[in-house]
Amino acid sequence: DQQVKQNSPSLSVQEGRISILNCDYTNSMFDYFLWYKKYPAEGPTFLISISSIKDKNEDGRFTVFLNKSAKHLSLHIVPSQPGDSAVYFCAANIYNQGGKLIFGQGTELSVKP
Amino acid sequence: DVKVTQSSRYLVKRTGEKVFLECVQDMDHENMFWYRQDPGLGLRLIYFSYDVKMKEKGDIPEGYSVSREKKERFSLILESASTNQTSMYLCASSLFYGGGGDGQPQHFGDGTRLSIL
Chain V
1 DQQVKQNSPS LSVQEGRISI LNCDYTNSMF DYFLWYKKYP AEGPTFLISI SSIKDKNEDG
61 RFTVFLNKSA KHLSLHIVPS QPGDSAVYFC AANIYNQGGK LIFGQGTELS VKP
Chain R
1 DVKVTQSSRY LVKRTGEKVF LECVQDMDHE NMFWYRQDPG LGLRLIYFSY DVKMKEKGDI
61 PEGYSVSREK KERFSLILES ASTNQTSMYL CASSLFYGGG GDGQPQHFGD GTRLSIL
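If you're matching them up, the sequences are chains V and R in order. Sequential numbering from 1 applies to the first sequence in the numbering used here. Sequential numbering from 1 applies to the second sequence in the numbering used here.
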């Protein structure tokens with residue numbers, strides 16, 4: 001039972017354009033969502049998060065949007081840079097499970113110069 | 001900055017061996033986690049711990065055990081290594097999250113690439 005799904009295994013974008021990474025979830029008890037970025041041979045690094053009481057959170061070039069009615073969140077990167085090429089994971093937290101995260105399968109972003 | 005340190009970056013072991021993966025965090029975090037990452041499957045939780053000497057099974061605990069004798073250290077043990085346990089293993093830590101919507105991100109180590117021959 002995959003509670004957090006990233007249906008696109010890969011995405012290719014031109015440098016300077018917008019990258020949009022998508023994530024769907026099934027559990028309405030999730031109350032906190034996160035995006036992580038992972039380079040090969042390194043651990044994931046936290047990128048940005050959003051509380052379920054918000055619909056948008058912005059940090060520099062990165063914006064996360066949450067649509068609770070559709071159980072969908074997305075990460076926008078504008079403008080995309082070659083250094084953004086990595087695997088991106090979305091994750092969700094259930095409020096009463098103390099910090100346990102459920103991760104999606106990941107989307108590999110490639111930003112072409 | 002939070003530092004999560006995994007004892008080995010690369011490890012090669014033989015089938016049937018008992019394997020220990022060690023993880024240390026320096027931020028006095030209550031929570032610690034062990035994941036494995038496999039292509040197309042994302043990060044899957046093996047075990048986690050909310051406090052010293054406490055442990056909870058994750059989604060794929062079979063073939064693994066854990067030990068948390070001190071708050072900063074969380075060990076993953078492969079009781080009898082098998083080839084299907086060849087994977088990237090990731091340790092993470094976080095503060096305890098009691099709800100409210102502004103949670104606590106997990107901080108990851110750089111991973112251990114384990115090969116079982």
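Among the hints, a few may not be true.
To be verified - Examples of chain R residues lying across from chain V (beta carbon under 7 Å, computed): (1) Gly16; (2) Val24; (3) Leu43; (4) Gly103; (5) Gln104; (6) Pro105; (7) Phe108.
Just so you know, the hints here were simulated from the structure itself, not pulled from any lab data. Where is the CB? At the ideal position from N, CA and C, for every residue including glycine.
Results for each hint:
Checking R/Gly16 against chain V: minimum C-beta separation of about 27 Å lies over 7 Å; hint violated. Checking R/Val24 against chain V by beta carbon gives a least distance of about 14 Å; that is not within 7 Å, so the hint is violated. The interface hint given for R/Leu43 holds, since its Cβ lies 4 Å from the closest Cβ of chain V, which is under the 7 Å cut-off. Contact between R/Gly103 and chain V, as hinted, is supported at the beta carbon level, the nearest pair being about 4 Å apart and thus within 7 Å.
At a threshold of 7 Å, the smallest CB-CB gap from R/Gln104 to chain V is about 6 Å, leaving the interface hint in force. Here the hint on R/Pro105 is kept, as its CB sits about 4 Å from the closest CB of chain V, short of 7 Å. Interface hint status for R/Phe108: upheld, as the beta-carbon distance to the closest one in chain V is roughly 3 Å, under 7 Å.
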